[in-house]
Structure formats: C-alpha cells, structure tokens
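Work the whole structure out from these sequences, hints included.
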Amino acid sequence: MDAAALSFLMLVAGLVISYWVIRLAVRHAIQDADRRRFRNRS
Numbered sequence: 001m002d003a004a005a006l007s008f009l010m011l012v013a014g015l016v017i018s019y020w021v022i023r024l025a026v027r028h029a030i031q032d033a034d035r036r037r038f039r040n041r042s
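So that you can map any letter, position 29 of the sequence shown is 29 in the numbering used here, and since no number is skipped, the others follow by simple counting.
There's no promise every hint is true.
[As the list claims (entries may be wrong)] For each label pair, taking beta carbons as the anchor points, the in silico distance ranges come out as: (1) L6 with R39: 47 to 53 Å; (2) D2 with A33: 42 to 48 Å; (3) F38 with D2: 52 to 58 Å; (4) F38 with A5: 35 to 41 Å; (5) R35 with F8: 38 to 44 Å; (6) M1 with A33: 41 to 47 Å; (7) M1 with Q31: 40 to 46 Å; (8) Q31 with M10: 48 to 54 Å; (9) R37 with L9: 40 to 46 Å; (10) V21 with M1: 22 to 28 Å; (11) D32 with M1: 40 to 46 Å; (12) I22 with D2: 26 to 32 Å; (13) S7 with R39: 44 to 50 Å; (14) A3 with R37: 49 to 55 Å.
Simulated from the structure, these hints should not be mistaken for lab results. The beta-carbon is built from N, C-alpha and C at its ideal position, and this holds for glycine as well.
Set out below in structure tokens:
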C-alpha cells in the first residue's frame with residue numbers, strides 16, 4: 001500500500017470518527033434539553 005492510499009484512509013477514518021462524535025454530542029444535548037424542558041413544565 002502506498003503513502004497516498006494510507007493518508008486517504010487516515011483522512012476518511014478521521015472524518016467518520018468526528019462525524020460519530022458530533023452525532024453523539026448532538027443527541028445528548030437534545031436529550032438534556034428535553035429533560036430540562038420536561039422538568040420545568042411539571
């Protein structure tokens with residue numbers, strides 16, 4: 001495997017990992033906001 005393919009794979013892996021981290025963070029932020037809104041309503 002040459003260096004170009006290896007660097008391309010590293011780039012793709014980094015994008016996938018950052019995508020998953022952002023998705024998890026957004027989902028947790030939405031859940032926290034819903035929990036806070038529910039607590040304030042009651």
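The hints, checked one at a time:
1. A beta carbon spacing of about 49 Å between L6 and R39 agrees with the range 47 to 53 Å that was offered as a hint.
2. For the pair D2 and A33, the beta carbons lie near 47 Å from each other, so the given range of 42 to 48 Å is met.
3. A C-beta distance of roughly 54 Å is found between F38 and D2, which places it inside the suggested range of 52 to 58 Å.
4. Between F38 and A5 the beta carbons are some 49 Å apart, a value that contradicts the proposed interval 35 to 41 Å.
5. Distance hint check for R35 and F8: the Cβ-Cβ separation is about 41 Å, which falls inside the suggested range of 38 to 44 Å.
6. Take M1 and A33: their Cβ atoms lie about 45 Å apart, and the range 41 to 47 Å holds.
7. With their beta carbons about 41 Å apart, M1 and Q31 fall inside the hinted range of 40 to 46 Å.
8. Remark: the range hint 48 to 54 Å for Q31 to M10 is contradicted by a beta-carbon distance near 32 Å.
9. Hint check: R37 to L9, Cβ distance near 42 Å, so the stated range 40 to 46 Å holds.
10. V21 and M1 have their C-beta atoms about 27 Å apart, which keeps the hinted 22 to 28 Å range intact.
11. Between D32 and M1 the C-beta distance comes to about 43 Å, which sits within the given range of 40 to 46 Å.
12. For I22 paired with D2, a C-beta distance near 31 Å keeps the hint of 26 to 32 Å intact.
13. The hinted window of 44 to 50 Å between S7 and R39 holds, with their beta carbons roughly 48 Å apart.
14. Range check, A3 to R37: about 51 Å between beta-carbon atoms, so the 49 to 55 Å window is met.
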